[in-house]
Amino acid sequence: MDQPLDTSDHELMRRCRNGDAWAFEALVRRWQAPVGRMVSHLLGPAAEVDDLCQEVFVRILRARERYRPSHSFSTWLYRITLNVARDSRRRQERRPSQSLVSHDARSPAPTPAEALARDELADTVAAAVAALPDELREVLVLKHFGRLSFSEVALATGLPLSTAKSRVQAALKQLRGELRRRGITDGE
Amino acid sequence: MRCEELADLLLPLAYDELDGATAERCRRHLAGCEACRAELAAIEETRRLLDQVPKRQTQVDLAAVCLRLAREQRHQRLMLRYGLVGAAAAAMVAALLGVRLLSVDIEPGRMVVAWHEVERPATTVDHDRAIVGRDTDARPTQVVEQERGQSHPDLAVESPLVARARAAQTWPGRRDYLAVRDTALRWGLDALPVVTPADNSTSPTRSSTYSALRHEFLDEPQSPPDAEAPGA
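If you read the protein sequences in the order shown, they are chains A and B. End of the first sequence = 191 in the numbering used here, gap-free, step of one. End of the second sequence = 412 in the numbering used here, gap-free, step of one.
Check before you lean on any hint, since a few could be wrong.
Facing chain B, a subset of chain A residues (Cβ under 10 Å, in silico) [as the list claims (entries may be wrong)]: (1) 36; (2) 63; (3) 89; (4) 154; (5) 168; (6) 169.
It should be emphasised that the hints constitute simulated quantities derived from the structure, not laboratory data. Glycine included, C-beta positions come from ideal geometry on N, C-alpha and C.
Could you build all of it, start to finish, from the sequences and the hints given here?
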């Protein structure tokens, strides 16, 4: 049984609170891919994305009674996603032998002369995002991949609005520098 | 507008988060300022590169989500009710409550059926529930609660007392079986997932299979195959 495509997230959560298993399934199907991308960008290509996505939806289900539609569902969802990512990162940091970031992020930048195929470009950009400091990567991922507004980014991260904006700006600037270092110049 | 003022607005402008009047002021400034135009172009180019990052496919295991929550809630209920500590104690309490924790090895190709009879403390049968696991790629992906009286294409209310679930897939591992079993427990089922003869059919003979299941797991005499039950 599928929920109508135009059923809002708020409505699905309301039904989920009332024990509607279909509503929860509809939410999962609608948001599992964006959550997966969010986790992947927050933690890098080496992350156990599927398991962490599952953790996100466990927390959604666990917290369903406390959900209030005062903000967008995506803001609440991504806040939970961010917390899951941060918890995972803390667990990883307690295991010093495992790197949070793919080794590609630390490898020497390719020479400008190397031809960059489309996949190589995508991987390089992903690695550059993974190489950003955590506090910059988080806001950039929420803003760009989560499509949150600046005020929603601030809500999701608990930062003041001005700080959220300045961190996104710093993230983009640092990312540009990182991409330049890796041989991807503006206009490529 | 000065460049310093635009610098604070450049990012919201790039992400289309400015009101119309402010955005227009910014564009007028940009029309006459090459440096600010270059800065905006750099932001937009970086955003374009970010859009190149491949989209990863993710599949959330719904049954596993329900299973985890079920275990937490069950554990909490038992702890609250009996004030006992420890999973071992909870298991003992569960046994005392008549919930059998059977272990059944699922072989590939076998169907799994979960069914249930409910008898409330007042000895009246309120409703019946069943769990069906709709499986793709050998992993449980869907959990449905079916109340008696509602229709669902995958369930057949076989009698006023029993709702039966059917699943067609292969669950190659004990972990998947446990996922269905514990999900069944979460929904208040007393009966446990059982295994039908391997035929990979989505429509096993209802009454004969049902009888075989009850014989195998409840020690009831197995009745001969008969006509299909009403309501199926």
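| said: Under 10 Å is the threshold here; is the Cβ of residue 89 of chain A close enough to any Cβ of chain B for the hint to stand? | reply: violated, 19 Å
| Restraint satisfaction for residue 154 of chain A [CB to CB of chain B, less than 10 Å] | holds, 9 Å
| field | Evaluation of the interface hint that places residue 36 of chain A against chain B, nearest CB under 10 Å | value | Hint holds; residue 36 of chain A Cβ to chain B Cβ min 6 Å, cut 10 Å.
| task | Using 10 Å as the Cβ threshold, decide whether residue 63 of chain A counts as touching chain B. | result | This interface hint holds because 9 Å falls under the 10 Å limit.
| Evaluation of the interface hint that places residue 169 of chain A against chain B, nearest CB under 10 Å | Cβ of residue 169 of chain A sits 9 Å from chain B, so the hint holds.
| said: Quick check on residue 168 of chain A please, does its C-beta sit within 10 Å of some C-beta on chain B? | reply: Result: holds, 6 Å to nearest chain B Cβ.
The structure fails to meet hint 3 from the earlier list, while all remaining hints are met.
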